[in-house]
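K.L.:
Please take these sequences and the hints and turn them into a complete structure.
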Amino acid sequence: MFNIEMFFAFGLFSLGLYGVSSGRDFLRIFFSLEMLLNAVIMMLAITAHHLGMTQNIVLAYLVIVLATLEAAAGLLIFAAANKVSGVIIPDELNGEVEK
Amino acid sequence: MTILLLTIVLALAAASLTIKRSVPAMVSFALMMFLLGIFYMTLDAKVLGLFQIFVYTGGIIVLMLFGVTIIGVAFPQAKSRPWSAVAAVLVFVALVALFVRGADKLQLTAGQATEDVHLFAAQFSDFVILFALIGSSLLYGTVKMAGLLKARKKSTAKGERDV
Numbered sequence: 001m002f003n004i005e006m007f008f009a010f011g012l013f014s015l016g017l018y019g020v021s022s023g024r025d026f027l028r029i030f031f032s033l034e035m036l037l038n039a040v041i042m043m044l045a046i047t048a049h050h051l052g053m054t055q056n057i058v059l060a061y062l063v064i065v066l067a068t069l070e071a072a073a074g075l076l077i078f079a080a081a082n083k084v085s086g087v088i089i090p091d092e093l094n095g096e097v098e099k
Numbered sequence: 001m002t003i004l005l006l007t008i009v010l011a012l013a014a015a016s017l018t019i020k021r022s023v024p025a026m027v028s029f030a031l032m033m034f035l036l037g038i039f040y041m042t043l044d045a046k047v048l049g050l051f052q053i054f055v056y057t058g059g060i061i062v063l064m065l066f067g068v069t070i071i072g073v074a075f076p077q078a079k080s081r082p083w084s085a086v087a088a089v090l091v092f093v094a095l096v097a098l099f100v101r102g103a104d105k106l107q108l109t110a111g112q113a114t115e116d117v118h119l120f121a122a123q124f125s126d127f128v129i130l131f132a133l134i135g136s137s138l139l140y141g142t143v144k145m146a147g148l149l150k151a152r153k154k155s156t157a158k159g160e161r162d163v
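Going down the list, the sequences are from chains H and D. Just so you know, we're using this note's numbering here: the first sequence kicks off at 1 and counts up by one. Just so you know, we're using this note's numbering here: the second sequence kicks off at 1 and counts up by one.
Heads up, a few of these hints could be off.
[Unchecked claim] Covered by chain D, according to a simulated footprint, are these stretches of chain H (three or more residues, beta-carbon under 8 Å):
1. 1-8
2. 11-17
[As the list claims (entries may be wrong)] DSSO-like cross-link-like pairs, simulated, lysine-lysine; straight-line CA separation at most 27 Å:
3. Lys154/D - Lys144/D
4. Lys83/H - Lys154/D
5. Lys79/D - Lys144/D
6. Lys158/D - Lys83/H
7. Lys83/H - Lys144/D
8. Lys83/H - Lys20/D
9. Lys150/D - Lys83/H
10. Lys20/D - Lys79/D
11. Lys158/D - Lys144/D
These aren't lab readings, by the way, just hints derived from the structure by calculation. Small disclaimer: the values here were computed from a predicted structure and weren't measured. Each residue gets a CB set at the ideal place from its N, CA and C atoms; glycine is no exception.
P.N.:
Right under this line is the structure:
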C-alpha cells in the first residue's frame, strides 16, 4: 500500500509540473503550484504513517504555511501585473516588459 | 477504499487543469484538497487533515476567488507547449524509478532515523538554510517584479502624457 500511495503522490506532482510548464493563465499556474506542494505534503504524510517518521508531520505543516504564503504573494503580483498591463497570461507579460 | 479516494483526487486535479471555465475548475480544485484532507485523516494524521481542510483549503480558495474576479468566468486561450506533457511524464517515470530503486533502503533506514533525530535537533541548521534560501528567493522575485511593474507604469504614464 505504501508504494501505491507514493505512486499517486508522484502522479499528482507530475500533473502539477505539467500545469506549471504548460504556460497558461496565472490562476491555473497557481492551481498547479498548489498541486506540487500538495504532492509533497502527501509524501510526507505517507512516509510518516508507513515508516514512522513522525517528524515529517511537522515538515508538512511548514510546507502548508509556505504554500499559503506563496499563493498570497503570487496573487498580489498577479493583481499588480493585471492592473498595470492588463494581462492574465504570464507569457504576454514577458512580451510587455521586453517592449 | 484508499485507492478509490486517491484516484478521485487525481481525476479532480486533472479536471481543474483541463476545464475551460474558471469556477468549475476552482470547485474541482477545492474538492481535490478536501479529499486530500480526508486521506490524511485515514493515515492517522487527523490534525493535519483538519488543518488541510479548514486552514489550507479555506485560505487558498478565498485567494483563488480573488483571482477569479480578475480572470472572469472563462479561462483565456493561451499557446500550448506540447513538450510540457512529455516533461511531466518523464519526471513521473524518473520519480517512480528512483523510488522503486531506493524503497527498500528507505524502509530499512527509516526506523533508525526516528530514534536518533529528535525533530529538528540534529538537522536544524540545514532546515534554516533551506527556508532562508526559499524566503530570500521569494523576496527577490517580489522586489524584482515590483521594479519591473513600476518601470512599466512609468513608461505607460509617459506615453499617455506624450499623446
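K.L.:
Now look at each hint and say whether the structure bears it out.
P.N.:
Hint-by-hint comparison with the structure:
1. 1-8: holds (count 8)
2. 11-17: Held - the region 11-17 of chain H has 7 residues with a Cβ nearer than 8 Å to chain D, which meets the minimum of three.
3. Lys154/D - Lys144/D: holds (15 Å)
4. Lys83/H - Lys154/D: holds (13 Å)
5. Lys79/D - Lys144/D: holds (25 Å)
6. Lys158/D - Lys83/H: Satisfied, since the Cα-Cα distance of roughly 17 Å is no more than 27 Å.
7. Lys83/H - Lys144/D: holds (17 Å)
8. Lys83/H - Lys20/D: holds (23 Å)
9. Lys150/D - Lys83/H: holds (11 Å)
10. Lys20/D - Lys79/D: holds (14 Å)
11. Lys158/D - Lys144/D: Satisfied, since the Cα-Cα distance of roughly 21 Å is no more than 27 Å.
In this structure, every one of the numbered hints holds.
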